[in-house]
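Let the hints inform the model, and build the full structure from the sequences given.
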Amino acid sequence: MSKNLFLIFAIGLFVACSSTKNINNQSKAEVAVSEDSTEYELIVMDPRFETYLASQPYPKNFYSNDYYRQWNIQYCVEWNIRHTNPLRFGDFYQTSIPYESNVDYGLDFNFRLYHYFQFIEQEYGIVLISRRGQQVR
Numbered sequence: 000m001s002k003n004l005f006l007i008f009a010i011g012l013f014v015a016c017s018s019t020k021n022i023n024n025q026s027k028a029e030v031a032v033s034e035d036s037t038e039y040e041l042i043v044m045d046p047r048f049e050t051y052l053a054s055q056p057y058p059k060n061f062y063s064n065d066y067y068r069q070w071n072i073q074y075c076v077e078w079n080i081r082h083t084n085p086l087r088f089g090d091f092y093q094t095s096i097p098y099e100s101n102v103d104y105g106l107d108f109n110f111r112l113y114h115y116f117q118f119i120e121q122e123y124g125i126v127l128i129s130r131r132g133q134q135v136r
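Residue numbers 0 to 136, in numbering that gives the first Met the number 0, belong to the letters of the sequence shown in order.
There may be inaccurate statements among the hints.
No more than 20 Å apart at the CA atoms, straight line, and that leaves these computed lysine to aspartate or glutamate pairs for EDC-like [unchecked claim]:
{"no.": "1", "residue 1": "Lys59", "residue 2": "Asp107"}
{"no.": "2", "residue 1": "Lys59", "residue 2": "Glu49"}
{"no.": "3", "residue 1": "Lys59", "residue 2": "Asp90"}
{"no.": "4", "residue 1": "Lys59", "residue 2": "Glu40"}
{"no.": "5", "residue 1": "Lys59", "residue 2": "Glu120"}
{"no.": "6", "residue 1": "Lys59", "residue 2": "Glu77"}
Read the hints as simulated data drawn from the structure, not as lab findings.
Structural data, given as structure tokens:
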């Protein structure tokens, strides 16, 4: 059984295949991927994220999986653009996010990833995508 492990940090994302790394960073998330069961899980290690997620006024099925997926695609594209342009955007986006638009990560994963980006916007004041009058930084 082969496992892939994605680690998302508040300041970036990197991919580690077939291993688990011990990283002592509070603002990180782990995505465990099992190829045979095709289940994806996003675990954010920053305790503030769980509080943020619990404070959301609507349940995860309020919007569809496709709604979250479409936003996640846009957020990941913008994140990766900023990652490849550190002179313009700074070193906050230290690694890329390998989110694949043709993979069905499922409602739970997409809901959490979508809200992870919202959390980044609220906690760090970084607007990745301008929505309803927001200014992109």
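Exercise for the section: Could you check the structure against the hints above and give me the numbers of any it violates, in ascending order? Expected result: Those not satisfied are hints 3 and 6.
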